[in-house]
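Novice: Each chain, written out:
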Amino acid sequence: MSDVSCASGVALLMDYLEGVLPAETSAALEAHVAGCPRCTAFVASYRETPRILREATAADLPAGLQQSLLAFLRARRG
Amino acid sequence: MEVSGPALTDEQLAARAAAGDQPAFEAIVLRYQARVYRLAWRLTGNEGDAADAVQETFLRVYRGMASFRAASRFSTWLFRVATNSALMQRRARARRRSDSLEQFLPCFDAEGRHTGTPEELQAAARVDERLDRRRLAEKALAAIGRLPRAYREAFVLRDLEEMTTAEVAEVLGLEPAAVRQRVHRARLMLRGFLGALAGVRP
Numbered sequence: 001m002s003d004v005s006c007a008s009g010v011a012l013l014m015d016y017l018e019g020v021l022p023a024e025t026s027a028a029l030e031a032h033v034a035g036c037p038r039c040t041a042f043v044a045s046y047r048e049t050p051r052i053l054r055e056a057t058a059a060d061l062p063a064g065l066q067q068s069l070l071a072f073l074r075a076r077r078g
Numbered sequence: 001m002e003v004s005g006p007a008l009t010d011e012q013l014a015a016r017a018a019a020g021d022q023p024a025f026e027a028i029v030l031r032y033q034a035r036v037y038r039l040a041w042r043l044t045g046n047e048g049d050a051a052d053a054v055q056e057t058f059l060r061v062y063r064g065m066a067s068f069r070a071a072s073r074f075s076t077w078l079f080r081v082a083t084n085s086a087l088m089q090r091r092a093r094a095r096r097r098s099d100s101l102e103q104f105l106p107c108f109d110a111e112g113r114h115t116g117t118p119e120e121l122q123a124a125a126r127v128d129e130r131l132d133r134r135r136l137a138e139k140a141l142a143a144i145g146r147l148p149r150a151y152r153e154a155f156v157l158r159d160l161e162e163m164t165t166a167e168v169a170e171v172l173g174l175e176p177a178a179v180r181q182r183v184h185r186a187r188l189m190l191r192g193f194l195g196a197l198a199g200v201r202p
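First to last, the sequence lines map onto chains A and B.
Oh and the first sequence: position 39 is 39 in the working numbering, straight run, nothing missing.
Oh and the second sequence: position 73 is 73 in the working numbering, straight run, nothing missing.
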C-alpha cells in the first residue's frame, strides 16, 4: 500500500480517521495527502461535513411536547 | 419523582419501571425525550413526524419494558426502538421524491486523481458561512432524507448524534466495519451535496 492515489485514499478515509488502518497504510495515506493539495482540500471538507450537518439540524424538544407526551403515555397506561 | 432521582442508572430505572413503578418510567422519559426527539427530527425531517415518533418510541418502550434484558445497555435498546419508530413514521407518509445523491460522489480521472480544483474541493467546508442557518437546515434535512435508509440511519446516529461506531453497530445490529462503510458513503454524498450548495458543480 505504498502507492496511494486520490481515489484509493478517499476510499480509506473513514477507516483512517477511526484509527483502524494498519500503521503502514496510514503512513502511506498521510504521505499522499501531505503532497496533494486536492486531497488536503478534500479531507478538510470531508471532516467538516458532519459538523456542518450536525449544527444545521440541531433541534430542541418543542415546548408542549413534554407535557403532551406524559399525558399521552399516562392515558395509554390506564 | 423523588424516588427516581438522577443518581439511578438507566438500568436501575428500567428494572423499577418493569416492576410497575410509574415515576421510574417517567424519569426515563424525562431523561431521554429531548434526545429521542432530536434523533427523530433528523431521521424524519419533519416536526409532526418527529413528535409522533417520540410518542411511539416511549409507548413501545413502556410495553416492552418487561422484555428488556439487562444484557445490553438500556440506551442501546431505546435508540434502536427510536430509530425504527422514526423510520416507520417516514415510511407511513406519502412517498417523497428521493432521487439519488450519487451524483455528488467525488470524481476522479483515469489515473485516480481528483478532477476538481483545491478551491472547489474545499468549498463544502465553508457552506455554513455562505447560507443562512434556516435555509441550510432545510437543505440539510432534505438531503439526509434522500440517503438510502441504511446510510441515513448509520450517518445520523454516528455523525449527528455522535455515538461511537461501536455503539451504532450495537443499535443497528451490524458489524463496525459495515457501519464505517455506510457512514463513509453518506459523508461522501453529503459532502458533495454541500459543495453544490456552495456553488460547485457536482
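A hint or two may mislead.
[What the hints assert, rightly or not] Reference listing, derived: stretches of chain B covered by chain A, where coverage requires no fewer than 3 residues with Cβ under 8 Å from a Cβ of chain A: (1) 7–16; (2) 45–59; (3) 73–86; (4) 140–152; (5) 159–173; (6) 188–196.
Derived by calculation from the structure, the hints in this document are not laboratory data.
Just so you know, even glycine gets a beta-carbon here, dropped at the ideal spot from N, CA and C.
Novice: State for each hint whether it applies.
Specialist: Hints versus structure:
Counting residues of the region 7–16 of chain B whose CB lies closer than 8 Å to any CB of chain A gives 0, so the stated coverage by that chain is violated, three being the minimum. Counting residues of the region 45–59 of chain B whose CB lies closer than 8 Å to any CB of chain A gives 7, which reaches the minimum of 3, so the coverage claim holds. Chain A is given as covering the region 73–86 of chain B, and this is violated because 0 residues of the stretch bring a CB closer than 8 Å to a CB of that chain, at least three being needed. Requiring three or more residues with a Cβ within less than 8 Å of a Cβ of chain A, the coverage given for the region 140–152 of chain B holds, as 3 such residues are present.
Interface restraint, the region 159–173 of chain B with chain A: holds (4 residues with C-beta to C-beta distance below 8 Å; minimum three). Chain A is given as covering the region 188–196 of chain B, and this holds because 5 residues of the stretch bring a CB closer than 8 Å to a CB of that chain, at least three being needed.
Of the numbered hints stated above, those contradicted by the structure are hints 1 and 3, listed in ascending order.
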